[in-house]
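Participant: So you can see what is in the structure, the chains are spelled out below.
There are 2 protein chains.
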Amino acid sequence: MSSPLCHSALLTDLYELTMAAAYFDGKFHATASFELFVRALPPQRSFLVAAGLEQALDYLEKVRFEPEDIEYLRRHPVFQHVSAAFFDYLKDFRFNGEVWAMPEGTLVFEEEPLLRVTAPIIEAQIVETFLLSTLTFQTMVASKGARMVDAAQGRGVVEFGSRRAHGAEAGVLAARAAYIAGCSGTSNLEAGRRFGIPTFGTQAHSFVMAYGDEEESFRNFERSFPEHGVLLIDTYDTLAAVDKIIRAGLRPHSVRLDSGDFVELSREVRKRLDQAGLSETKIFASGDLDEFVIADLLARGAQIDAFGVGTALATSKDAPSLSGVYKLVDVDFGQGPAGRAKLSNDKSTYPCRKQVFRMRDSSGRYSGDIVAAEGERCPDGEPLLSCAVRKGKRLSPYSNMQQIQQHAKAELAHLAEPYRRLQNAERYPVRFSRALKENLEQIRNRHIQPVGRRES
Amino acid sequence: MSSPLCHSALLTDLYELTMAAAYFDGKFHATASFELFVRALPPQRSFLVAAGLEQALDYLEKVRFEPEDIEYLRRHPVFQHVSAAFFDYLKDFRFNGEVWAMPEGTLVFEEEPLLRVTAPIIEAQIVETFLLSTLTFQTMVASKGARMVDAAQGRGVVEFGSRRAHGAEAGVLAARAAYIAGCSGTSNLEAGRRFGIPTFGTQAHSFVMAYGDEEESFRNFERSFPEHGVLLIDTYDTLAAVDKIIRAGLRPHSVRLDSGDFVELSREVRKRLDQAGLSETKIFASGDLDEFVIADLLARGAQIDAFGVGTALATSKDAPSLSGVYKLVDVDFGQGPAGRAKLSNDKSTYPCRKQVFRMRDSSGRYSGDIVAAEGERCPDGEPLLSCAVRKGKRLSPYSNMQQIQQHAKAELAHLAEPYRRLQNAERYPVRFSRALKENLEQIRNRHIQPVGRRES
Chain D
9 MSSPLCHSAL LTDLYELTMA AAYFDGKFHA TASFELFVRA LPPQRSFLVA AGLEQALDYL
69 EKVRFEPEDI EYLRRHPVFQ HVSAAFFDYL KDFRFNGEVW AMPEGTLVFE EEPLLRVTAP
129 IIEAQIVETF LLSTLTFQTM VASKGARMVD AAQGRGVVEF GSRRAHGAEA GVLAARAAYI
189 AGCSGTSNLE AGRRFGIPTF GTQAHSFVMA YGDEEESFRN FERSFPEHGV LLIDTYDTLA
249 AVDKIIRAGL RPHSVRLDSG DFVELSREVR KRLDQAGLSE TKIFASGDLD EFVIADLLAR
309 GAQIDAFGVG TALATSKDAP SLSGVYKLVD VDFGQGPAGR AKLSNDKSTY PCRKQVFRMR
369 DSSGRYSGDI VAAEGERCPD GEPLLSCAVR KGKRLSPYSN MQQIQQHAKA ELAHLAEPYR
429 RLQNAERYPV RFSRALKENL EQIRNRHIQP VGRRES
Chain B
9 MSSPLCHSAL LTDLYELTMA AAYFDGKFHA TASFELFVRA LPPQRSFLVA AGLEQALDYL
69 EKVRFEPEDI EYLRRHPVFQ HVSAAFFDYL KDFRFNGEVW AMPEGTLVFE EEPLLRVTAP
129 IIEAQIVETF LLSTLTFQTM VASKGARMVD AAQGRGVVEF GSRRAHGAEA GVLAARAAYI
189 AGCSGTSNLE AGRRFGIPTF GTQAHSFVMA YGDEEESFRN FERSFPEHGV LLIDTYDTLA
249 AVDKIIRAGL RPHSVRLDSG DFVELSREVR KRLDQAGLSE TKIFASGDLD EFVIADLLAR
309 GAQIDAFGVG TALATSKDAP SLSGVYKLVD VDFGQGPAGR AKLSNDKSTY PCRKQVFRMR
369 DSSGRYSGDI VAAEGERCPD GEPLLSCAVR KGKRLSPYSN MQQIQQHAKA ELAHLAEPYR
429 RLQNAERYPV RFSRALKENL EQIRNRHIQP VGRRES
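So the protein sequences, as listed, match chains D and B. All letters in the first sequence, in the order written, are residues 9 to 464 by this note's numbering. All letters in the second sequence, in the order written, are residues 9 to 464 by this note's numbering.
Excised from the complex, chain D in its bound form (with noise of 0.2 angstroms):
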């Protein structure tokens, strides 16, 4: 987003804050790399699609602390024995790190980073929160996206849920993500015009409603809309308003489907606009829909030509969040970078910087993902981070949402049906090196000491 807002360095947590001071007064100099990945896949997913990567670079260029961010830092109760230097140092904080990411659209699995940054400690760790938030958001509406597109088996699958998304903003980075997901476009104006993605609306029952007379709203909907008129016809009651549209003569683009049930419905629809020489008008349908919706009406023989959906994609409402961490996985005090590992139970990490590995079978479908210290050598895969940022400045180019959907379509397309299914899919193939493996044994190794009791 390009509003201020969105750039303040406030938008983190304050422990990113205590852990910055506390560097800052120690004068705990070093560099520190970080990954940002998925820990697990939600159970109702087989993939994920990357996405928001653009906003995380966009906020990485930007990140600032403004006059009125510092002073409330300083008024801080929690920061009142830190020295007048720390914030200082705050005043002309910029981000001048390295970052290394998955172009938005790849494919991503478990546990592999999708982005790595590798900055002045205190930089890589301001920046956490937001890289979060927005990377994994965006990430998660993609890759549920990605499965109502498939649901949908080429009818165009449209995004609604502006209106039950996560306040505004939310609205607006959900139509983008779905739309990287195959989606053909969204309701939300600003996601349009921001992002040049195209932009659909219908009417609203209220708009029948309140001429009261349901063929006088269509009517005047239709002098408004003569090409694109969507008529929404299941205010009162969903055959007799078709028969109104026939009646009057009406040519509209679609009608809508708003309740009821959807099979029938849409067949009986279907056979009286096509009985009344309107075989051009499409069928569109919305209303509680989602990839099991979808796919459940097309099985059933549901003439429908497009699916509006809204809260089940712009919430991920069955996996509404995806467990995005951000770990340490080097630090470089000058000598070259050494391992970290966090060995919590079941919530251990692989240190080093890593590379993730793409393989392919002989037919060109993706085969499995090798993950790899940087520097490993795999030749049978193709490496899936890039340099996104040096130096703080920004090397990948700004992102076109056409180019980025189409980069999309192509991964799923390598993807074999069976990692791709709505249920039951397979689990993709991702293994990590032995080199990765060793070296967490190695830490593990310095750090577990026979000391007190262990939880089992």
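Source of the hints: derived by calculation from the structure; they are not laboratory data. A quick note: this is a predicted structure, and the numbers were derived from the prediction, not measured. Check before you lean on any hint, since a few could be wrong.
Below, a sample of chain D positions facing chain B; criterion: calculated Cβ distance under 10 angstroms [what the hints assert, rightly or not]:
no.: 1; residue: 148
no.: 2; residue: 194
no.: 3; residue: 210
no.: 4; residue: 306
no.: 5; residue: 309
Here a beta-carbon is modelled for each residue, glycine too, at the ideal position from N, C-alpha and C.
Following the hints, position chain B against chain D.
Facilitator: Quick look at chain B alone, frame taken from chain D:
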């Protein structure tokens, strides 16, 4: 939010603008009333806590079409047949209507209007999407938060969910809503600065890992935060970390558990801290907590003083959307308001502007609500909707977060335990007045004609 982004009139669905254009070019001059309500509570909720009004009113005061917004619409293919006068109208677009609303922190139940807009129909329509997203999102989070605060039985609950929120703005608004619900504060600094709510922070695993030596990391942190330091003790081995703190003679404000068996660990950590004379050091727990986990931990004797809750709160994970709708209830062409209702299958709505009355039993507890047509009398009930905006000018005072939190607390105190249980709560009685039911029947009789086949 005070950023320009958040008052763009393009933060809406395209269909709001197509309807606006059709009303404008069709010379449909009417004043309309819309009511915003939640159609049904999610299965896991027995009450809602209204929140988000401040952002809604701020938006209504400031919403504008910027020149580039209008240019975008003018070039949009759907508007090719719309008059130039419509775009001139948008240049001067302001919200000039009237708003009635429940104060933030008020308990609200299904189908009860928490906000009503009465305005020229175009104005009332364009603001729909923003009002829905900001009010239902914050109401959803506040409702979830109140359950967690209940479960914690007086212990502090801090909102930590920014990293998993649906983008940066959602994190800020979730923090605000959580505070309304009774949380002690948030980790989100922007929310702290903007809304004046307390912020809390600890340290991350990365801080401990960066030093390599856990004890050195603790010492360094304590040096910067001698009174407020919260040390994270599960990076490598929780109990060994406690022993290091004790041996090093540190006196942290708190220690934080983030993994492992919290019941067993917290009791053992408490014991060791107490034995070492650190009985003032608190135990803070975080990591995939929700109201059920908190209740269970306390029931099983966990020695935890405060909880940090993230994902489950900031995304309302088990119910990440509310069925918020914004429905036309009357239209006035100058001869007084005429009721409007939607009759779609299972989605019908009551016509007419409404007031919600809350009744009390002899002990002062809330005993049930009556939703009545505006103007109906209910001598025993307290009216919940009051006028917040008149002729586009805000009447209600700017929100004081502490007062809103107090109001929510008082509201919850009046809700009897059966309606407030985490599971299997009783359904709070809400009934609609006879006048409303009769109005709905009249409209039904007028619109449902015996034409065509009805779906079952």
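Participant: With 10 angstroms as the cut and Cβ atoms as the points, is residue 148 (chain D) at the interface with chain B?
Facilitator: Nearest chain B Cβ about 8 angstroms off; hint holds.
Participant: If you take the shortest Cβ to Cβ gap from residue 306 (chain D) to chain B, is it below 10 angstroms?
Facilitator: violated, 19 angstroms
Participant: Hey, does the residue 210 (chain D) contact hint survive, CB to chain B under 10 angstroms?
Facilitator: At about 5 angstroms, which falls below the 10 angstroms cut-off, the nearest Cβ of chain B leaves the hint on residue 210 (chain D) intact, so it holds.
Participant: The hint names residue 194 (chain D) as touching chain B; please verify it with the least Cβ-Cβ distance against 10 angstroms.
Facilitator: holds, 8 angstroms
Participant: Classify the hint on residue 309 (chain D) as holds or violated, based on whether any CB of chain B lies nearer than 10 angstroms to its CB.
Facilitator: violated, 15 angstroms
Of the numbered hints stated above, those contradicted by the structure are hints 4 and 5, listed in ascending order.
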